[in-house]
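Asker: Listed in order, the protein sequences are those of chains A and B. Offset between the first sequence (1-based) and this note's numbering: plus 1. Offset between the second sequence (1-based) and this note's numbering: plus 6.
What the hints contain is simulated information worked out from the structure, not anything from laboratory work. Hints may contain errors.
[Unchecked claim] Cβ-Cβ distance ranges computed for the label pairs, FRET-style: (1) Arg76(B) x Ala226(A): 22 to 30 Å; (2) Ala57(B) x Gln430(A): 31 to 39 Å; (3) Ala19(B) x Tyr229(A): 39 to 47 Å; (4) Glu652(A) x Gln54(B): 54 to 62 Å; (5) Tyr229(A) x Glu91(B): 17 to 25 Å; (6) Asp232(A) x Ser43(B): 35 to 43 Å; (7) Thr73(B) x Ile480(A): 35 to 43 Å; (8) Ala8(B) x Asp523(A): 50 to 58 Å; (9) Ala57(B) x Asp458(A): 52 to 60 Å; (10) Gln18(B) x Ile480(A): 44 to 52 Å; (11) Ala8(B) x Glu238(A): 25 to 33 Å; (12) Gly33(B) x Glu397(A): 35 to 43 Å; (13) Pro324(A) x Ala8(B): 46 to 54 Å; (14) Ser293(A) x Gln54(B): 44 to 52 Å.
[Said to hold, decoys possible] As a list, the in silico DSS-like pairs of lysine-lysine whose alpha-carbon atoms are at most 25 Å apart: (15) Lys347(A) x Lys58(B); (16) Lys432(A) x Lys15(B); (17) Lys444(A) x Lys361(A); (18) Lys345(A) x Lys15(B); (19) Lys297(A) x Lys15(B); (20) Lys58(B) x Lys345(A); (21) Lys15(B) x Lys431(A); (22) Lys297(A) x Lys80(B); (23) Lys319(A) x Lys21(B); (24) Lys361(A) x Lys660(A); (25) Lys361(A) x Lys297(A); (26) Lys521(A) x Lys540(A); (27) Lys21(B) x Lys297(A); (28) Lys660(A) x Lys636(A); (29) Lys603(A) x Lys636(A).
None of these values were measured; they are calculated from a predicted model. A virtual CB, placed ideally from N, CA and C, is assigned to each residue, including glycine.
As a plain string of letters, each chain reads:
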Amino acid sequence: MPPKAAPKSKQAQKGKTSRPAGKSGKDGDDMTDMGDTDGDDWMNTKTLVKPDDQLDLNDQELKEEFTRILTANNPHAPQNIVRYSFKERQYKQTSHVDQLAIHFALDGNMLHKESDEAKRQMAKLGIPDSGEVAGSEGGETTPAAGGAPAEGEEGKDEAKEGEQREEAGTPGPGTAAKGEKLTNQFNYSERASQTYNNPYRERGTATEPPPRATFASNVTQWEIADAYHEDFEKQLEAIRAKQVHKAPPTFPHQQHHFQEKSKEKKTIPGRKEEEKTRKKLTITETQGDDISRISKATKIVERMVNQNTYDDIAQDFKYYEDPSDEYRDNEGTMLPLWRFSYEKAKKLAVTSLCWNPMYKDLFAASYGSYDFMKQGSGMILFFSLKNPSFAEYIYETDSGVMCLDVHPEHPYMVAIGFYDGSVGVYNVQKKEPVHRCTAKNGKHTDPVWQVRWQKDDLENNHNFYSVSSDGRIVHWTIIKNELLFEDVITLTLPGAAGEGPDGTKVNTVGCGTAFDFHRKNDYLFLVGTEEGKIHQCSKAYSSQFLDTVDAHNMAVYKVRWNPFHPRIYITCSADWTVKIWEVSSKTTADKSETSSVEAQTKKPLFTFDLNNSVGDVAWAPYSSTVFAAVTADGKMFVYDLNINKYEPLCEQMVAQKKKTKLTHVEFNPKDPIIIVGDDRGNVTSLKISPNLRKMPKEKKGAPPMDPKQKEDNEIAKLDKILSMVREPNEDKK
Amino acid sequence: MAEVEETFKRIQAHKGVIGVIVVNSEGIPIRSTLDNSTTVQYAGLISQLAAKARSTVRDIDPGNDLTFLRIRSKKHEIMVAPENEYLLIVIQNPDAV
């Protein structure tokens, strides 16, 4: 660049203190520095490079001189520092500002030999430090001293000497060796080597994962309670195992036990509910066949299924009340409900019915044959109203069963009389009969027509009575698993020659067909015979009757005391009649004198003619004036003396087919149900309509009557009726 | 045991009964009169429902327990009786002629 080159040559003469005007201070870096005062010739041949952003200035501006002064001031130092002076209480400018700029600082770590720190260090490193220093000189002695520490003092002395020598020695090598670590150059050697690294190999095995099962559970209040119960039971068992007698049951155990009992009660009717026969269901479970573990559930489900099938009947049983009874005051009806039958019993006749005293829906029916020529096997069936399609308990016997009775206090004990004259006792919980009497053992020689349990005797033995056609009334006692008999009375007939009724030994005996024990006075009982006589007897007198009544012309089929009135009883007979009697109040003392007269003049209070042989008659348990009778033409009659003294309120055909005889009838003690047995093996249940079960209405506002009061009312009701009927001479008694 | 078998057979033969299933505590059917798929379905669903019902009853009163469960639907009725870790399920059509 010629214009540039020209001023440059001028500048070269002026001196180095001023720079060429063409440049600004910073841009000068771009230009190649040719500011040498070398020959102009080679300078001119060079072309100057002009940067793109260089200012274009004219000559005058180019000639302008700028003066620059180099000073020793720090351009970055502040020029006017102001400090607050507490003394003068104002800001004052400091006069002097430090102009020192430090461009580079490096801290060294050299110490003066004489300083404290150095001395300390030397003491630490000790004599070997100086030994190293003088390694060239006295190196031999000190290692020797260090290498033989066993020399002890000698070594120390020599070390001391070394130290002294060292101090006297040149300080130069001493300072140089201070920083080095002391090593014994003869014994110590540091060696390192690279061992061969074994190549890594990866090895793995996969094991079978342990078998897993997902477990999920809920914790609820009752699960905790259950766990506690189980634990408690286990504890109790442990205690029981130790002791002989049982621990008294405490509340939670009793509660649990009660649960079990209430569960059992439904499906196992007829079982004894005593502590000894308590079942343990929970803890020990034997590994039986699966199906037997759900026996109770199957029973329940069977009943449920039956309930569904016979749902309408069940609803009727519970709720149906004949609405037409409101319009017909003096009439009632019987609504047929379930019918119970069993195929194997179809050829047999129902010979006896008995409701279970504990479970009101369970009844027992005995099957046999009344036909003399056709005698076969017999059966005993227990039916429940809850399961009309199948019997709860079934027992087959070889001889026809003519009668049965369920023990009032122990409902699992059943006494049975057979056609072949023997009696038996069954325990419903077992399959086989408990007792069976034999020919040697007091067996009757004729069919047993009725059996009846008595209260346990003084030694708590069970006992029962039986009456049979062989004229004997026998009292059986079960003592220590044996059946012992005792003849109570033999039914004697009055002599053919018209002799006195007693005292004469007669060969012929009457045939007893029915009997009934008084409800309150247990020793008093009535016996009906085939000749149509009714004997009043007492357990205390074994040879005499208290009284005899010529009741019927044909065999007496049933005799029953009134449930409320203590002196009224009813009889039914094959002579088509039903009669109601009152017991005379005469004692046996008068009997011998006037008995013959009595026997002839005694008259029934009521007589009903039913147009056919009456198989059975029964009082209603809820009223003293209601009774039912069944006849051989399949009809059923219900009378209420309170409403109509002469006509039945209900006369209804119960049997399904014609020519079916109805054999027995029983009222349910609790529900308004009657069961009727016929000679085709069917038991029909019927519901009594409201008109037939009228009971005295309680006055509003009066406290509810207790049973005693109710009884008295019933008795009074009956007495009122009777007073109308009694003959004048009887009234005088 | 034979008695229970007999009762079982009577239930099966009863009027209107469609099927009977016995299920154990794990929900596995051990006896059934229905085909396999239906049985498995019933067993699984009903055992859950019965467990829930039982839990409900016992939660309200831990001294109480479920005795049976009846589900009546338009077409039929399902009856469930639990006992001893087993469940007995019976399906019946009550209106069957």
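Asker: Would you mind marking each hint as holding or not holding in the structure?
Answerer: A quick look at each hint next to the structure:
no., hint, verdict
1, Arg76(B) x Ala226(A): 22 to 30 Å, "holds (26 Å)"
2, Ala57(B) x Gln430(A): 31 to 39 Å, "holds (34 Å)"
3, Ala19(B) x Tyr229(A): 39 to 47 Å, "holds (44 Å)"
4, Glu652(A) x Gln54(B): 54 to 62 Å, "holds (57 Å)"
5, Tyr229(A) x Glu91(B): 17 to 25 Å, "holds (19 Å)"
6, Asp232(A) x Ser43(B): 35 to 43 Å, "holds (42 Å)"
7, Thr73(B) x Ile480(A): 35 to 43 Å, "holds (42 Å)"
8, Ala8(B) x Asp523(A): 50 to 58 Å, "violated (43 Å)"
9, Ala57(B) x Asp458(A): 52 to 60 Å, "holds (54 Å)"
10, Gln18(B) x Ile480(A): 44 to 52 Å, "holds (47 Å)"
11, Ala8(B) x Glu238(A): 25 to 33 Å, "holds (31 Å)"
12, Gly33(B) x Glu397(A): 35 to 43 Å, "holds (41 Å)"
13, Pro324(A) x Ala8(B): 46 to 54 Å, "holds (48 Å)"
14, Ser293(A) x Gln54(B): 44 to 52 Å, "violated (26 Å)"
15, Lys347(A) x Lys58(B), "violated (46 Å)"
16, Lys432(A) x Lys15(B), "holds (21 Å)"
17, Lys444(A) x Lys361(A), "violated (33 Å)"
18, Lys345(A) x Lys15(B), "holds (18 Å)"
19, Lys297(A) x Lys15(B), "holds (15 Å)"
20, Lys58(B) x Lys345(A), "violated (44 Å)"
21, Lys15(B) x Lys431(A), "holds (23 Å)"
22, Lys297(A) x Lys80(B), "violated (28 Å)"
23, Lys319(A) x Lys21(B), "holds (23 Å)"
24, Lys361(A) x Lys660(A), "violated (31 Å)"
25, Lys361(A) x Lys297(A), "holds (20 Å)"
26, Lys521(A) x Lys540(A), "holds (14 Å)"
27, Lys21(B) x Lys297(A), "holds (21 Å)"
28, Lys660(A) x Lys636(A), "holds (11 Å)"
29, Lys603(A) x Lys636(A), "violated (29 Å)"
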